[in-house]
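> Residue numbers (the numbering used here), protein chains in the order written: chain L, 1 to 113; chain R, 114 to 227.
Among these hints, one or two may not hold up.
Result set (DSBU-like, lysine-lysine): computed pairs, CA atoms no more than 35 Å apart in a straight line [stated by the list, open to error]: (1) R:LYS116 to L:LYS49; (2) R:LYS168 to L:LYS49; (3) R:LYS168 to L:LYS105.
Which residues of chain L face chain R? A partial, calculated answer using Cβ under 7 Å [as the list claims (entries may be wrong)]: (4) PRO40; (5) LEU44; (6) GLY59; (7) GLY100; (8) PHE103; (9) LYS105; (10) GLY106.
With the Cβ distance kept under 10 Å, some of the chain L side facing chain R (calculated, not the full set) [claimed, not checked]: (11) VAL4; (12) TYR36; (13) ASP99; (14) GLY104.
Since the hints were made in silico from the structure, they are not lab data.
Don't be surprised by glycine CBs; every beta carbon is placed ideally from N, CA and C.
Here is what each chain is made of, one letter per residue.
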Amino acid sequence: AQSVTQPDIHITVSEGASLELRCNYSYGATPYLFWYVQSPGQGLQLLLKYFSGDTLVQGIKGFEAEFKRSQSSFNLRKPSVHWSDAAEYFCAVGGGGADGLTFGKGTHLIIQP
Amino acid sequence: DVKVTQSSRYLVKRTGEKVFLECVQDMDHENMFWYRQDPGLGLRLIYFSYDVKMKEKGDIPEGYSVSREKKERFSLILESASTNQTSMYLCASRTNRGVNYGYTFGSGTRLTVV
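Okay, chain R solo, but in the shape it has when bound (with noise of 0.2 Å):
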């Protein structure tokens, strides 16, 4: 089974932090995805990559950015943490080849800003 880690269920930082958030994926996946999730929103993409160092904006990329220097690798980065950025974050992977194409989900990352 694919496998999407990311590496901390919960973190507090304080404001004005610059905060890491990593995503591993083990499957060869070519797209990668971050979503923020809050309560009666649902699941909001931010950011995605369809390749090594490629990167799109989402539906609210304000106050972050992404990194993907390796495939298996993406990171979402809060240049500086603030309050209104509290929230569960997500991260998927997904790959493209024919039936199998589909979405795996990591077990979420739940950030407290301070």
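Isolated chain L (complex conformation) (with noise of 0.2 Å):
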């Protein structure tokens, strides 16, 4: 079965630093993998997502994430975060088949002024 851990439920960062959030994943075959963010009170958007080639995907918003198939990651960073980046950040893995993504449980990002 599949599956998504994001090891940290809250992360705090002081704005203009930079920002590492994990993802591992479990998945049989060539995983489609998938970084969202969700601020509050809204639906999810996409910040990017990753398929096959360049292991270095760059996304909206100035993130990038790395799909490291050794490590089974795909960690998300940004080299300089602002306060409009506080929000929950969700990974989630998938295929191309009709079935959904899965989700990790979130990481919830703290900006400090």
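Quick one: dock chain against chain with the hints and give me the complex.
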């Protein structure tokens, strides 16, 4: 069965500092990997996705993620966070079939002034 | 841009009521999904559909059913609402077409069962 682990429930980062959110997955075939962001009371917004090719993926809002097959990881990074990045972040894995995504439990990002 | 519209942002229903949550997408996507989101549990898949009148159970289908009579509309039905179904419900649609492969989510319906 596929699964996603986001080991950090909460992360606090100072504004302007760098950020890395961790994601580990378990999937039996070639994974399709996603990062979503959710602001309070809102739906999910796609930050970036990986299907194949270059293992470093660029997304919106200055985010990037690196796929490491050997570590079954897809960590999200940003070189300098802004107060507006405070939100809930979800990593998800799926395949090309008809079934849906499996999500991690999310990481709540807090930005300190 | 693809738009996934959930008809209600907030709903309050009584225990035992039959509840319908509606979702409409406007880009001819083949697949549609219903998730529920609870704090500390992330998003869990309830049901999905890969074609009109087709449906498949997800990870937590108990207490729910779905209907997809038209390609653009996917309804989630709570046959007899219970307080443990108080949650945020998110609908999503997906295209399988090449580089545009991806999921689009609605804004969610926050359901409270009293």
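> When the hints from earlier in the document are held up against this structure, which numbers fail?
Violated hints (numbers, rising): 4 and 6; every other hint is consistent with the structure.
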